[in-house]
Amino acid sequence: YGIVWENDQGKDFNYTINIAEDLNTIDQQKADFQRSLWYWLGGTGLMLLIAQWLILRWGLRPLHDVTSDLHAIESGDRNRLSQNYPKELNQLTQNINTLLSHEESRRERYKNSLADLAHSLKTPLAVFRGELESSSDINELRQSSQEQLDRISALVDYQLQRASTEGQSSLLAPISLGEIIHKILVSLDKVYQSKNIQRQCEINNDIFIHADEGDMYELLGNLLENAYKYCNKQVSVFVQSKDKNVIIHIEDDGNGIPSQAQDDIIKRGKRMDTQIEGHGLGLAIASDIIDAYQGEIRLERSHLGGAKFIIQLPKQ
18 YGIVWENDQG KDFNYTINIA EDLNTIDQQK ADFQRSLWYW LGGTGLMLLI
68 AQWLILRWGL RPLHDVTSDL HAIESGDRNR LSQNYPKELN QLTQNINTLL
118 SHEESRRERY KNSLADLAHS LKTPLAVFRG ELESSSDINE LRQSSQEQLD
168 RISALVDYQL QRASTEGQSS LLAPISLGEI IHKILVSLDK VYQSKNIQRQ
218 CEINNDIFIH ADEGDMYELL GNLLENAYKY CNKQVSVFVQ SKDKNVIIHI
268 EDDGNGIPSQ AQDDIIKRGK RMDTQIEGHG LGLAIASDII DAYQGEIRLE
318 RSHLGGAKFI IQLPKQ
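Adding 17 to a residue's 1-based position in the sequence shown gives its number in this note's numbering.
Hint data in this document are derived by calculation from the structure and do not stem from the laboratory. Even for Gly, the Cβ is constructed at its ideal location relative to N, Cα and C. Among these hints, one or two may not hold up.
What the hints assert, rightly or not - Calculated lysine-lysine pairs in the PhoX-like style (CA-CA distance at most 20 Å, straight line):
(1) K212 - K259
(2) K332 - K261
(3) K47 - K28
(4) K250 - K207
(5) K246 - K200
(6) K128 - K139
(7) K332 - K259
(8) K207 - K261
(9) K246 - K212
To be verified - Derived Cβ-Cβ restraints for the label pairs, each shown as a range:
(10) F255 - N213: 15 to 25 Å
(11) M64 - P331: 51 to 61 Å
(12) W70 - G93: 26 to 36 Å
(13) G62 - Q100: 38 to 48 Å
Please build the complete structure, drawing on both the sequences and the hints.
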């Protein structure tokens with residue numbers, strides 16, 4: 018670089034200063050720095066990857082535990098997921114356990130229904146066989162055979178319906194009870210048009226319940242059809258929501274059900290396959306569905322004069 022030097026007399030002198038240095042030393046230092054920088058960056062990156070792997074392994078360990086528990090369930094070593102999981106997985110494991118309980122309940126219902134069906138068919142088949150062996154009147158044999166075949170058909174229908182009941186599950190989508198009841202009432206109005214039935218239906222807002230739509234049609238259809246069938250002129254339906262339950266009142270002005278038979282006809286767990294005539298089969302199906310949803314059913318005397326069924330079902 019250049020400078021201007023002024024002497025004592027004020028005269029300027031121009032000087033050019035050149036500085037030279039060996040670049041090999043600088044290049045070596047630069048290469049050493051770059052090499053050291055790459056070592057540190059590579060080491061830091063490797064440590065970060067190892068740390069990330071360890072964190073992910075620790076964080077995903079509960080999922081591996083869930084997978085192991087599911088494999089244990091598949092192999093039959095256990096029947097439920099344990100509850101020792103982080104709170105973030107509680108909802109997942111609870112839903113899986115709910116699904117497992119639901120499927121186990123369905124399998125148990127299928128098993129019980131098949132056993133009950135086999136037991137129930139013994140009597141009509143024995144009667145059928147006895148008539149074939151002893152009866153000499155062809156008309157009497159035909160009539161008796163038709164009665165037993167009708168009974169067998171009713172028993173099979175009942176047990177199939179009982180086995181196919183979904184039962185309570187939080188995984189079921191909510192359905193509108195008001196819509197279901199309205200459709201059933203419209204259909205029954207047409208079927209029993211000749212009776213000129215005066216019906217009253219009161220539903221507080223539109224009440225939803227987590228249940229299988231087919232189960233609700235079967236339950237409410239059986240009870241409402243009984244009301245229409247045995248009433249004189251009046252049928253009343255009242256539905257309300259109370260706390261976590263839905264309360265359904267179905268009343269008619271018929272002759273009602275004898276007081277001595279009221280407790281037996283809705284008693285939980287009572288075998289109803291021997292009561293095919295009259296109320297028996299419909300109430301048996303209704304009682305089984307209510308039992309599957311952990312609900313309650315009561316039978317009282319209606320202020321209209323006939324029977325009053327009070328059904329309580331959990332919303333979820």
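Now for the hints, and whether the structure bears them out:
no. : hint                    : in the structure
1   : K212 - K259             : violated (34 Å)
2   : K332 - K261             : holds (6 Å)
3   : K47 - K28               : violated (45 Å)
4   : K250 - K207             : holds (15 Å)
5   : K246 - K200             : holds (17 Å)
6   : K128 - K139             : holds (17 Å)
7   : K332 - K259             : holds (10 Å)
8   : K207 - K261             : violated (34 Å)
9   : K246 - K212             : holds (9 Å)
10  : F255 - N213: 15 to 25 Å : holds (21 Å)
11  : M64 - P331: 51 to 61 Å  : holds (55 Å)
12  : W70 - G93: 26 to 36 Å   : holds (34 Å)
13  : G62 - Q100: 38 to 48 Å  : holds (40 Å)
Violated hints, in rising order: 1, 3, 8; the structure is consistent with all others.
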